[in-house]
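Trainee: Take the sequence shown: its position 33, counted from the start at 1, is 33 in our numbering, and no numbers get skipped.
In short, the hints are calculated from the structure, not lab data.
Everything numeric in this text was worked out from a predicted model, so none of it was measured.
Listed next, the in silico BS3-like pairs over lysine-lysine satisfying Cα-Cα at most 30 Å (straight line): (1) Lys89 <-> Lys31; (2) Lys31 <-> Lys72; (3) Lys18 <-> Lys108; (4) Lys100 <-> Lys72; (5) Lys72 <-> Lys18; (6) Lys108 <-> Lys72; (7) Lys89 <-> Lys100; (8) Lys174 <-> Lys31; (9) Lys177 <-> Lys31; (10) Lys31 <-> Lys100; (11) Lys89 <-> Lys174; (12) Lys31 <-> Lys108.
Pair ranges (Cβ atoms, derived): (13) Ser127 <-> Glu17: 35 to 41 Å; (14) Gln141 <-> Lys100: 18 to 24 Å; (15) Asn61 <-> Arg95: 16 to 22 Å.
All C-beta atoms in this analysis are idealised placements derived from N, C-alpha and C, irrespective of residue type, glycine included.
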Amino acid sequence: MSSKEKKYKWRRADYQEKTHGLLMVYTGHGKGKTTCALGLMMRAAGRGLNCCMIQFMKSRNDRYGEHESAAKLGIEVHTMGDGFTWDTKNPEQDRATSRKTWELCVEKLRSGDYDLLVFDELVYVLSYDLLPIAEVLAEIQTVRTSQPALHIVLTGRDAPAELIAAADLVTEMKEIKHPFNIGIRAQQGIEF
Numbered sequence: 001m002s003s004k005e006k007k008y009k010w011r012r013a014d015y016q017e018k019t020h021g022l023l024m025v026y027t028g029h030g031k032g033k034t035t036c037a038l039g040l041m042m043r044a045a046g047r048g049l050n051c052c053m054i055q056f057m058k059s060r061n062d063r064y065g066e067h068e069s070a071a072k073l074g075i076e077v078h079t080m081g082d083g084f085t086w087d088t089k090n091p092e093q094d095r096a097t098s099r100k101t102w103e104l105c106v107e108k109l110r111s112g113d114y115d116l117l118v119f120d121e122l123v124y125v126l127s128y129d130l131l132p133i134a135e136v137l138a139e140i141q142t143v144r145t146s147q148p149a150l151h152i153v154l155t156g157r158d159a160p161a162e163l164i165a166a167a168d169l170v171t172e173m174k175e176i177k178h179p180f181n182i183g184i185r186a187q188q189g190i191e192f
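Hey, can you work out the whole structure from these sequences and the hints?
Mentor: Take a look at the structure:
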């Protein structure tokens, strides 16, 4: 075992003993939900916490800037989606992809290996009824009971009332002005 691993194990045990895990939701129609979660992961990784992000809707065929940064920081990222499905043509496929992604989330939740888990775009999945909210909340609450120091972040628009009620922290991003509205396309290094 390296000195870094020894230091991390000590810090993690100490951290878990003193920490109250939070369920955090970043929602709203403004930009910045994923960016906020990534910033939180960067801070957590800097403190030696074990972090993982699972992305529900971003296409697994694309590579995003956050993947490069996360790899450098030792943050695990799994991009599982088929791409954004605002006007889906195949709801059965969307449900199947969401189910497969949620199964990975459950595996990570139950593993006990993480201090911070981010389920990016899960709120969209819930608001589009691609997964039952009762199932998701029941799993999260069960894991929070058995792992009281685990922090969990969920992102996406239109957080259901049940999710807001269950969360410890809810932040709503509100769009005031967006460059897309005047024809400026997404900027590499800023949006992706």
